[in-house]
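Visitor: Residue numbers (the working numbering), protein chains in the order written: chain A, 2 to 339; chain B, 325 to 623; chain C, 129 to 458.
Read the hints as simulated data drawn from the structure, not as lab findings.
Don't take every hint at face value.
One side of the interface only, derived from the structure: several residues of chain C facing chain A at Cβ under 8 Å [as the list claims (entries may be wrong)]:
(1) S171
(2) V254
(3) R257
(4) Q272
(5) L274
(6) R276
(7) E316
(8) L320
(9) L341
(10) D349
(11) A378
(12) V380
(13) P401
All C-beta atoms in this analysis are idealised placements derived from N, C-alpha and C, irrespective of residue type, glycine included.
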Amino acid sequence: MSSSPPLIELRNVSKVFVNRSLRQRSVVYALREVSLTIARGEVLALVGESGSGKSTTAQLLARLTHPSGGEIWFDGRAINRQAGARELRQYRRRVQMIFQDPFSSLNAVHTVGYHVGRPLAIHRLVPPGRALAAQVETLLETVGLHPGREFVSKFPHQLSGGQRQRVGIARALAPNPDVLIADEPTSMLDVSLRLDVMNLLLDLRTTRKVSMLYITHDLSGANYMADRIAVMYRGTIMEEAPADVLMKDPVHPYTRLLLDASTADFGNGPSVAGPLGALDPSSPGCPFYPRCPSRMPVCSETRPVSAWIADEAEHRVSCHRYHDAESPKTGRDAQPKV
Amino acid sequence: MIDAPSASVSSRPRRVGQWLLVVRPLLRNAKARTGVAIFLFFGLVALLAPILSPYNPHLTIFAPGASPSAAHWLGTTQSGQDILSQMIWGTRQPLEIALGAGLLTTLIAVGIGISAGLFGGVYDEILMLITNIFLILPGLVVVIVISSYLSSANNLMISLVITVTSWPWGARVLRAQTLNLKSKDFVKAAIVAGEMRFRLAFFEVLPNMTSLVASNFFFTCLYAVVTAASLQFLGLGNINTVSWGSILYWANNSQALMIGAWWWFVPPGLAIGLLGAAFALINFGIDELTNPRLRREAK
Amino acid sequence: MQPVLHVEGLWVDYFTRGRRLRVVQDVSFAIERGEMLGLAGESGSGKSTVALAVARLLRPENAAVGGMVRLNGTDFLALVGEGLRQTRWKSVALVSQSAMNALNPVINIFRQFDDMLTAHGYTDAVQNRHRAAELLDLVDLPEQVLNRFPHQLSGGMKQRVVIALALALHPDLIIMDEPTTALDVIVEREILSKVKTLQRQLGFSVLFITHDLDLLLRLTDRVAIMYAGQLVETGPVGHFSRSLHPYSRALVQSFPSLHQHASDRRRGIPGAPPDLSHPPAGCRFHPRCVFVADVCQTAPAWEAVSEDPLIAVRCSRWKEIRDEFVSTVD
Numbered sequence: 002m003s004s005s006p007p008l009i010e011l012r013n014v015s016k017v018f019v020n021r022s023l024r025q026r027s028v029v030y031a032l033r034e035v036s037l038t039i040a041r042g043e044v045l046a047l048v049g050e051s052g053s054g055k056s057t058t059a060q061l062l063a064r065l066t067h068p069s070g071g072e073i074w075f076d077g078r079a080i081n082r083q084a085g086a087r088e089l090r091q092y093r094r095r096v097q098m099i100f101q102d103p104f105s106s107l108n109a110v111h112t113v114g115y116h117v118g119r120p121l122a123i124h125r126l127v128p129p130g131r132a133l134a135a136q137v138e139t140l141l142e143t144v145g146l147h148p149g150r151e152f153v154s155k156f157p158h159q160l161s162g163g164q165r166q167r168v169g170i171a172r173a174l175a176p177n178p179d180v181l182i183a184d185e186p187t188s189m190l191d192v193s194l195r196l197d198v199m200n201l202l203l204d205l206r207t208t209r210k211v212s213m214l215y216i217t218h219d220l221s222g223a224n225y226m227a228d229r230i231a232v233m234y235r236g237t238i239m240e241e242a243p244a245d246v247l248m249k250d251p252v253h254p255y256t257r258l259l260l261d262a263s264t265a266d267f268g269n270g271p272s273v274a275g276p277l278g279a280l281d282p283s284s285p286g287c288p289f290y291p292r293c294p295s296r297m298p299v300c301s302e303t304r305p306v307s308a309w310i311a312d313e314a315e316h317r318v319s320c321h322r323y324h325d326a327e328s329p330k331t332g333r334d335a336q337p338k339v
Numbered sequence: 325m326i327d328a329p330s331a332s333v334s335s336r337p338r339r340v341g342q343w344l345l346v347v348r349p350l351l352r353n354a355k356a357r358t359g360v361a362i363f364l365f366f367g368l369v370a371l372l373a374p375i376l377s378p379y380n381p382h383l384t385i386f387a388p389g390a391s392p393s394a395a396h397w398l399g400t401t402q403s404g405q406d407i408l409s410q411m412i413w414g415t416r417q418p419l420e421i422a423l424g425a426g427l428l429t430t431l432i433a434v435g436i437g438i439s440a441g442l443f444g445g446v447y448d449e450i451l452m453l454i455t456n457i458f459l460i461l462p463g464l465v466v467v468i469v470i471s472s473y474l475s476s477a478n479n480l481m482i483s484l485v486i487t488v489t490s491w492p493w494g495a496r497v498l499r500a501q502t503l504n505l506k507s508k509d510f511v512k513a514a515i516v517a518g519e520m521r522f523r524l525a526f527f528e529v530l531p532n533m534t535s536l537v538a539s540n541f542f543f544t545c546l547y548a549v550v551t552a553a554s555l556q557f558l559g560l561g562n563i564n565t566v567s568w569g570s571i572l573y574w575a576n577n578s579q580a581l582m583i584g585a586w587w588w589f590v591p592p593g594l595a596i597g598l599l600g601a602a603f604a605l606i607n608f609g610i611d612e613l614t615n616p617r618l619r620r621e622a623k
Numbered sequence: 129m130q131p132v133l134h135v136e137g138l139w140v141d142y143f144t145r146g147r148r149l150r151v152v153q154d155v156s157f158a159i160e161r162g163e164m165l166g167l168a169g170e171s172g173s174g175k176s177t178v179a180l181a182v183a184r185l186l187r188p189e190n191a192a193v194g195g196m197v198r199l200n201g202t203d204f205l206a207l208v209g210e211g212l213r214q215t216r217w218k219s220v221a222l223v224s225q226s227a228m229n230a231l232n233p234v235i236n237i238f239r240q241f242d243d244m245l246t247a248h249g250y251t252d253a254v255q256n257r258h259r260a261a262e263l264l265d266l267v268d269l270p271e272q273v274l275n276r277f278p279h280q281l282s283g284g285m286k287q288r289v290v291i292a293l294a295l296a297l298h299p300d301l302i303i304m305d306e307p308t309t310a311l312d313v314i315v316e317r318e319i320l321s322k323v324k325t326l327q328r329q330l331g332f333s334v335l336f337i338t339h340d341l342d343l344l345l346r347l348t349d350r351v352a353i354m355y356a357g358q359l360v361e362t363g364p365v366g367h368f369s370r371s372l373h374p375y376s377r378a379l380v381q382s383f384p385s386l387h388q389h390a391s392d393r394r395r396g397i398p399g400a401p402p403d404l405s406h407p408p409a410g411c412r413f414h415p416r417c418v419f420v421a422d423v424c425q426t427a428p429a430w431e432a433v434s435e436d437p438l439i440a441v442r443c444s445r446w447k448e449i450r451d452e453f454v455s456t457v458d
């Protein structure tokens, strides 16, 4: 682990949604005992498909919802659900979020200036009036909207998708946060604009030293952006490692499939995953079991625990194939054969 | 990402304010335009009643039961009052009650609907329980019962009585829309930015429901016009004030229909219908503007 | 040999708000039997409109279509009424992102097949059931799926059903418009691998439309790139590592490769796609182009660089760009 204490830490965080209908009451785990850390100035990418729980993680960190179990620590203190207004406001100043959909994340009735200026006013960072207006313009120019003055009085519908997303980023930057949560910030943008938004975020990381949780479904984007990558599947962290390690040397069968699916040519060789099967939510086994090409009988019976890989810094995996081995040493050789 | 022809971003009219945003397209809609025109006509008549009215509506000095003539365009009543003057002065009361009830109802519906939807939980459940109780009260019956206790009801009283039975509809609709907007990212973004509840409700959610709020307002106006007229026709409320409803009451009382004095009951009936239609037309216009499917067919 | 689909000078106008807007202009391409052509473009580039125009799914009150579309040599744009209906489904099938959500929710999967087959003259229910099971087998779905309803299937399974439906009448051409965009990458890979296998097995042609150029370069035989309603470049997949149009070059570049970290910074394309009601004069890409010169003020022609394999480009400076490439590579 890194030497300094993490800025953000999730400790065994679970999030449960209860579906109540007349006949039955069913429980859906959006997150199951997820543990993650983000160090100061670090970018952690959370990779997963839709329904993997990555957006729920973002909402938890943004305190838009509360965990059902476990704890979230921020800057050495556990987040308290019954936090006072002051503490919550303090948190909101320091942890900001960029949303996925630039079309729905801006309010159609407010100007660009309003969107970017509000956080400044709420947190009383700049006195209202000319100073605030000037700060809004500076922020807009920081995110590449030149000249800022021309954008201030525009409404969202007058902007392109890429420009809207930049306004969203400017708004998140306004209170000068320590942490940015970026929930698939480029997935709704045109291909030609994505890279620039990613680069903008990377620049901000360098110039402002913000930590970032970068959420994406795209491994190559995660690798481009992040220091470390965590791969999530159905609410569980399957594997976590420094970006280069994960890309070069993935251990978990799911990560391998993901990597394969995003690189290899099509139509060569057999279909990659096992037979299609829906997971019974009450199944005690590994969540990836029904689709896993290297599953074993034990995989359907018990959930694998997440464990660090010996001899490798910051690389952990949650897979029976792996932990099955007697010792961590030989575990290295006991990788699943795909 | 939809692959549609990129609608030009710059050619749409610049929004100058919330007000213009609603009003300008509304006036481009033929139905709404007709509605607004009728409404403005009655509004002008009510304002200019002292100038427009040929006689004092209370004077009983004319030949009773006269049919329309050059001196009395709409004839006279059985007790010798000029009906045209009564009609002109009588515009005021239905308008005041309609706007009063519309405003009160909308205020309550907005307050309860948005706060219930936005804050949720127990607060929401209690408010919705109250709303539902009011919702199942039989409207007109309640209004009649309350009115019969208020012998000298003024316009504000009647507006209040109508409000009691009409607010739950709007509250439910606005709550549903609030729930819908609450799940939108811009509301979440405002929460993350640190906005307090009051600002969330009135600066983020409410401006996105202007058409619903307006349509709720005009619907209540329509309901109020009809209800107020019914009350007076039944002799409840104050029948000694001059209003379309009371003209109808006296016409009915004097067997105007039997004696064939059509000039006595047709004008107030028509006026009530027209004002109601005006509110309904404005409402249709708003509907067409906010519902794209209707808009296309309206072309 | 005659191509399965031959499109020449295709244009499409949309009627919106009383205006006429040209959203596709001068699009020409051909697809050989058994070939898969990828059509890439950003949103608003007109790529889906091309699909709808080729499948004759644009309604005349909403859009005007001109130019030439030949299906197996038949003038497809000239067909009307019953002739169009029969040819459309027997020769072309469309699989879109929305298709999997367009399965009728109140009838089971077998009925979806049965209705479709019945509409084309196959009225024997027993045979249809047999045929439906066969089709499902082609896309690796068990026969039991026939008794399920759409909401009981996952997104990937629904899209497989849609592909099986598309195969039912042995079309010569299947148009796939972002068929897997809503699905996750592993399911996407399973389905597209299956499509490739089926294509080899059954010999149909595919027009594959997506914004994901990276995917196309791994999936298809040939790629065409659209920008602002026009084709800007086409060629075999291998050509795009040295593409001649600045837009396609930038587009290829704008996907971070899997082993690329931010230390090796890449740039996106500055600016945004144009508003089609006021496209830029001359080359439509010139306001965003790094190779822009005076010559770009006049509209470049669609120019063949080589005939076999067909490489064509719409850029006045392609020769200079090619020469620069040669010099930097050597």
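Visitor: Taking the hints in turn, state whether each one holds.
Guide: Structure-based check of each hint:
no.: 1; hint: S171; result: holds, 6 Å
no.: 2; hint: V254; result: violated, 27 Å
no.: 3; hint: R257; result: violated, 22 Å
no.: 4; hint: Q272; result: violated, 12 Å
no.: 5; hint: L274; result: violated, 15 Å
no.: 6; hint: R276; result: violated, 12 Å
no.: 7; hint: E316; result: holds, 7 Å
no.: 8; hint: L320; result: holds, 5 Å
no.: 9; hint: L341; result: holds, 7 Å
no.: 10; hint: D349; result: violated, 11 Å
no.: 11; hint: A378; result: holds, 7 Å
no.: 12; hint: V380; result: violated, 10 Å
no.: 13; hint: P401; result: holds, 7 Å
Checked against the numbered hints above, the structure breaks hints 2, 3, 4, 5, 6, 10 and 12 and satisfies the rest.
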